[in-house]
Amino acid sequence: MQHSSRNRELLKKAWPALVIVLGFASLGSAAQPPKSADFQTDIEEILTKRGCNDSHCHGGVKGRGGFKLSHNALVPHEDYYWIVKGGSYQVLSAEPKAPVNPRIDLKQPEKSLLLLKPTSLVAHAGGERFKVGSDDYVTILNWIRDGAPYGDEGAAKIERLEVSPSYVFLPPNGKQQLRIKGHFSDGREEDLTHRVLYESNNPDVAKVTPDGSVSAAGAGEAAVLIRNPGHIAYAQIGVFTPRLANYPHVPSRNFIDNYVFEKLRNLNIVPSQLSTDSEFLRRVCLDVTGTLPPPDRVREFLASRDPHKREKLVEILLNSPEYVDYWTFRFADLFRVGMGSQSAATVGMPWEWVRKSVATNKPYDQMARERIAAHGYNGPSRYFEHSGETAAFEKKMAEQFRVFWGRRLECAQCHNHPYEAWTQEQFWGLAAFFAKVTSTNWNVAQVIFDDPDGTEDNYGEGAKTSVSFVKATNPRTKKEVEPRFLDGRVLPQQARADLRMELAKWMTAHDNFAEASVNRMWGYFFARGIVNPVDDFRSGNPPTHPDLLAALGRDFREHGYDLKHLIRTIVNSRTYQLSSVPNKTNQHDEIDYSRALPRPLDAEVLLDSISILTGVPEVFEITSQKEMAPPGTRAIGLILPARYPSRFMDVYGRPFRDSVVERDLKPSLPQALDILVGSTYTKKLSREGGRLDRLLKSGRSDREIIEELFLAALSRMPSEEEVAGVEKLASRRSKQQAMEMLLWALISSREFAYNH
Amino acid sequence: MSCHCPGGHGSRRDFLRVGALSGLGISLSQYLELKAMTAPTSAKVQACILLWLDGGPSQVDTWDPKPKSAFKPISTNVAGIQISELFPKIARQMDKLAIIRSLHTEENNHGEATHYAATAHRPNPGMKFPSFGSIITKETGHRNNVPPYVQVMEMPKGKVYDEFFKAQFIGAQYDPMVIPNPNPLAGKGQIQNDVKAFDVPDLSLPESLSVDQLDDRRSLLKLVDQTYRRKVERAEFSSMDTFTGEAWKMILAPEVRKAFDLSQEPEKTREAYGRTGFGQSVLLARRLVESGSRFVTAGGYKGQAWDTHYDNDKLLRDTLGPSFDQTVSALIADLDQRGLLESTLIIAMGEFGRTADINLDRGRDHWCYCWSVLLGGGGIRCGQVVGASDEHGAYVADGGVSMGDVFATVYKAFGIDWTKEYMHPIGRPIKIANSIDDLTGTPIRELI
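For the protein sequence lines, the chains are P and U, in the order given.
Going by the numbering used here, the first sequence opens with residue 1, and the numbers climb by one from there.
Going by the numbering used here, the second sequence opens with residue 757, and the numbers climb by one from there.
Next comes chain U alone, as it looks inside the complex (with noise of 0.2 Å):
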């Protein structure tokens, strides 16, 4: 079930335990305590690392070369396995990696699209659904004191497609923790520009206030809280009590903050994962993976930045191309050798996908019907192929899947029953991985 990759693991893997320095930087997981909360144990996948490519990356172009593509197809370092030209090093990583084909959705413009991707379920006004990062979030439960849902940066399009990836009515404490975005319009093209630094206001004291000062503070809150919490006790303090010890956890930690921090991390590193508002956040993800994060979602382009309706050979070639081909080898390589690749799970995926024919603006438009997802790193069987598109790649001509069995697979991995369902509080039951026709999701079989 794991990723047969050439070279060895075992030295990288310990140094984990053991608290050796990498050459690459420091280990963050030495300085934390582990502390498993509800993890199931026999889980082989601990984290995720969902890249968001917003706009939906055209299929055809990328991960299922046809010839009606301005691009060819290139080998990779699986027998039998072709990607688009755009992608050389990932081509030689492919046996980290496993591609979808045949994926079917069932909503075609983006908003949906997106809620769709983040939920499995078609939008709803009298409803809303929990977002599948949130779920697992809340299955695994914390490792330490590092936010376990971490959103970098904001999604571009707005708060609308934040509110999508939320735990809604599973509660609040598994929303995503969201970065904002330094400089969301900045850069050339689709590509966002560099991010020096992140910025945490959830984390970030003022620098005027002093340790003693907190202290003093807190005593005072005490002082002025008592009269009114004697005469009305209510369970509602006490659970907020709860929270603001973990808050004061999380801001005095500095291992926390410092999980947050880029400048921690050599210039050669961040070079590898490419000085673009993607890359960095790519970088920030495996940080926080490392840390003890259970679901990063890592954006960082602009605006629907794949969402080629103009110009789609162009764009893809100078900009979109390049720099995903880029960061992501980079960050395959750099999970394997600090030994986090095994227990970390990656997917790379948009909205939807794109038509199979070029329009009147050499672009090409949305398309839901067949469309590939990317996966790689532990809990699945890399090297693989699942389901075929038809000649052109516009329908699915093999092996169907569901964005419901999708997030089974994910499940799965991470030792999480796919078949829960949720109440929700009209009295509706939801499932986590919801099917299309009200069916279950299940979990690729070849993956998993």
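Okay, chain P solo, but in the shape it has when bound (with noise of 0.2 Å):
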């Protein structure tokens, strides 16, 4: 310890004191421990910096051991009891499990629980946490000394951490040391750099000392996750290669392109190429409308020379009736139109909705609102039809913050999140808005509404009331919650004539709507989200261009949640319109834009595509049931696509929206099985009427046929190599055998099936 002279007066005068402060000095460490230290602040913060109440030991969904803690000391309250008061955990209960054993000893303070366990003393199987006589250890002593205080509620709380440098870019051998500022509501500031958490999500690219000291391990991108009582904050971590000599000028289009190509600039990596023509037509097609461009339009652009021609495809494509089908498509699998609850008669309602709203370019949020607080009888509200096997009100309101804004609350239904910071008191104050949805049937019509007094009122002749959620209440505590939004505010009772509306005006206005929208929007163009999978944003989940999404977010919001505004900017972009063909340099890169990856078509749109390049439409028919939809309906005009059987589409991953749609696209054996057998792979080849069959009829060459097929296909020529193939198998067999070969060819390769 070091003493100036102006200690020196201050010793003279104060040596009982110095005695303290020597005695306490000859402890240990550099840092002096407070004299009084309280709970909510003091002591959770040990035992968030020390992994105590990690998702993986105490603050995991059922604690360790039978002592809880509540993940990232998010309820401090309650870590107090357990730790005051004693008791072991269960999930499903607000009780304890009896022996009730406080883990501090207010008598023998050393004898605490709180102390052996950490220390070893006693056996523990999270190891040492830190040793006797260091400064945690001192701190928790003291504390129980003083009678273990909780602290004063009022006093000024931490509001957000602050991380600098939170974008990290190093060299292989680089070391960087994190500062952490924490901002205090009174205003205040204080250094936390020492007195948090720090993990990398992915130590082979870059670890961290608990000091908050990163070093690069491995090629590549990481996130430290730093952790404080109650918060979360993250610095991102880009490891790249040696520094390449002279980097090409790349290129921007929009502001897409500058975030997506200083990131690569950063990393040292090059983008691909711009894609060919033929690459683009083709995705830019399946992309925008589902539907491969045909011969002649594939021609056409091959040969344009107007310099403007990619945007000006954008736009046709943008104002194409299969725009309407796609983006209905799409929507009707993310609102789950034709989900098990609504009744044949009324499913027809939310798919014209859907395909209205598409149709007339409404505006996103207004899309949202619409669903979130549907009431009446029309298209939205089928989505809270009753029937005998419903789905419970909260698990409507999780859908909705699943779909609106990427978070996935389930979690916190039965329990504390287990490594976010929603609770479930949180969980059950947002199910609350959706507490008192009813529905009354009126001639056999459903009507939707929702009933503020739960009073099941006979509504007039005819109606029966069926189904209706009066109380939200927590399963743990037993008691009946209030609607509360996600920032502690109650909703007061004169607002509550509306509930489900006041919660959806709240939630589009919100940045995370924003954000979780574009994210999503996002992921039908590229190979994954800027957080993926795009409904999952959380904070151990961060986004892999913050900036970038932050940007687009706003963007979308400025232009009034414009759908084609924003795909525009998004097909425009030069990022998005890079080749799929890799470089030395970005041939690892899955994640950072560099290239286009290929994305394996969907079910419905890849039996579309055989349908179209085929020329055979797809029947679509229910034979017990002698039911059939009109003839030419593609698959992605279906309303109930679940509805009619279809082996290739269940093989290639066709979704039940009975719940939310995630489609698994890996390849399989089914998948491999079809090829080779599957009705679709050989019976649409020859048919009558069909491409090949008018092909065949109309004379032309064999090389011209060949190029047909390719262009409907594969959207390009055949390379020589190709046609020579082909031509050698006609002159074997018959010109009709070797074009049906072709053409099963063209369907069963990855080529076709892929969009790249």
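Pairs of lysine-lysine, DSS-like flavour, derived with a Cα cap of 27 Å:
| no. | chain 1 | residue 1 | chain 2 | residue 2 |
| --- | --- | --- | --- | --- |
| 1 | U | LYS913 | P | LYS396 |
| 2 | P | LYS683 | P | LYS626 |
| 3 | P | LYS666 | U | LYS915 |
| 4 | U | LYS987 | P | LYS728 |
| 5 | U | LYS978 | P | LYS666 |
| 6 | P | LYS395 | U | LYS913 |
Source of the hints: derived by calculation from the structure; they are not laboratory data.
Make the complex out of the two chains shown on their own, each in a separate frame, by following the hints.
In structure tokens:
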């Protein structure tokens, strides 16, 4: 300890104090422990910094060894209870399991479990977290000696953590010290660098010491998560390979390119070339309209010398009828049109609502509000239509957050979320907004409305009131919960006439809505979202390009949540138009958009593509019920897609809309079998009136037919090798057989089945 | 631990290895290479047949006779065990069977309860659970080229029910191969019409295609694909290559299609199993297990055939009871004679039981709080009853068992660690034997 001359003066006056100070100093490290700690700030800080409340340990859903802490000290009151009163934690009940022994000993503080366990003086599965006599030990010991005070609830709290630097680019042996500043509610700032918990989510790329020093390990990307009671922040780390001597100039076409290319420059990754016209044409047609371009259009586009042909193509596609078909299909999936609880009589209504919204380019926030707050007898309200197997109201609420905010609250239904900051109480506070949804049968049709009093009054002649949810009750505490926004505000009584509209307005005005929406749309044009999975926003899953995401969200909001504007912005960027062919610097990049990554086509789009290519439309029918979709209906045009048996679509991951739609697009054995023997791959090839049949009857030459098929299937001309291969086959077998085989090979190829 | 059956197994078991033809039919396994992949070699049981009794059979009229049933209890060939008079043939095979009378589950509606019976989890719109058939397939692996997990036929209530028996996040390769139902609605009463032949579209090459044509197709495909694949190498393409290789093997191996071909069975055998949808499905299940499948679900009833809300007694007496008695006793005898009984575990269940009291329509309604399941074959101690219901057959009186416990028992019979958990992509661990209140199921001690 250093003594300045000023201190010497003080020492003479206050030598008793010096003895005390020296006494503390002799116990060991640099920082002085505070004299009187309180639970909610100091003890919780230790429990967080030492990893005690980590989700793998006591902060997990069930706690450990009967001892439960809230993850990241989210609920200090409960933590205080378990430590000071004691008891074994049970997941599904608020009651502790006996015996109830306090984990601190006020009479003999050194004998407290809270000190014996983390120092391994008593067997502790978590090992030694700090040593006897360390600062943490002394803090806790003195706290117990002081009577284990909780602390002043009104005291200023940390509002946010500031991480600097928050973007770190390191060479392979680089190091960087992070600094963490805590901003308090009373305006104060404190350096928390040594008081937070650091974790790297990718130690193969970057490691971090307990004091926040980051060191590069291997090339790639990582995020360092920083945790302090109630707060999580992160720093993005990129470790790049040796600096390129001459990094080429990469032009930008819009703000998306600015963000993407800047990050690639920092990572020393060179983006691929621009896609060829063939690649771009096929890709953008599939992504914007779900439809392959016909051979004539391909020829036209390839031949055009117009320098603006790509932008003009985008405008044509955005205004095409196929655009409406395709995006109706996409949103019908997202909004689960045709899910189990909708009656066959009314399912056309939500589909029409989606279709009309897409066709009129309705602002997306309006669509969202129409769905969340749907009342009456109309399209969007069919989502709340009740039947015997209805989904509970809290599940309806959780789904809205997943769909519109990209956040999965469901885990918080039964217990505080295992690794996010949502508590069970918050979950039920949101569920309370949906607790008054009621329906009445008026002449068979179900009319949806909110019944604020929950009195189930008879609403007139012929009305049969059915399921009415009245109370939102926390299943653990068994107490009723009031409608409460995530920021803690309770919805005032006078605003409760239209509960769901209040929630809808708050949700759609929030930044989370704009960002989750652009992220989801982004995921339709690239192999992943900026946050991936697209509906899994959480602090442990940071966006790869947070500034880009924020900018897209702002742009979306500023343009009135216009979906066409968003799509246009995305597909006109150079980033979207990059080739899928890798170069030496980017062949391992899967997340930074240095090239287009091939994506398998969805089942419906693939089936439609085969139908279009072969010129044989698919027949959708249910033979046992003698029911058939109108001839010429495309797979993406089916209102109740899961209704029609289709081996092909099952094998390619057609989802059931009875739960949130997630498609598994990985290749599988059933797909391989179907390609070899499935009727889709065999029966459409030579059908009379189909494309091949017409081509053969037209008397065109081998070469012309081959070209036509390649253009129709792959939007490109065949190579000489490919032409020669087919012509050779045609000379050995009949022309028809050879062309049939070519058509089969085209639809079975990876190039056809993937968007690249 | 094995079933003690009178009469010799020895000679029949040998014939599988030696390859001699049995009197009942040509042994399929002699055509097939026995390729051990991931199966634990010390496992007792090699395959499982699930007899799916769609609709939920009444326990008091079948395996847990009670005074309020219209059917009298009859003695079986195991002292102290009585079952319903509906099953005289099965009663003579009780030494090869076991009954659980104290099964308690949590869902009382068809959809949710079927999901529960297939996965031991309550349905959740946010996540999907793998079925125990898929789990067993994943844990035990292929035996040869025959599809390891087959469902004979589509669930009668529709595709939504087929979903419950799939693999979900553990991978589509563990989905069952579902045989389509040639004639789902035809048949008298609850029983579906006889099935002359099962069509397996997944394995049937169109007749117009000859083998040399296939070769030409393959080489043309290679040509078309090569430019693209040279440009863009992806791990997915090589896994697709593996699957394509397996697919070719399955299609080109005649023994695989033969396994599905019921015309290979003598008339006598087809008669013995019963000329009904259920009878022929169970016969196919036996063929598939004999050929190397791991898990076969045999249905073949009309939708909710056992869901006797109306005229319970009449339906059981006239159609459901006799056909079940005939088919299941034929299966047990057949497996026994072929030496497959010790290595095949049989489960017969629906999605729940039924009420102990008759309703106003002379029927019984759904009841999940205490019901019965029939087990048999290998891997478990037969000739006994597990647990007991109360005097009416409505509530568990002793030895309550959960669906997770049933799964754990089956897993243990296969040599699978029943305490395993799989990580769902959402980040939540899923138990493979999920019991009530978030506990792990335990193998039923009386059985294994």
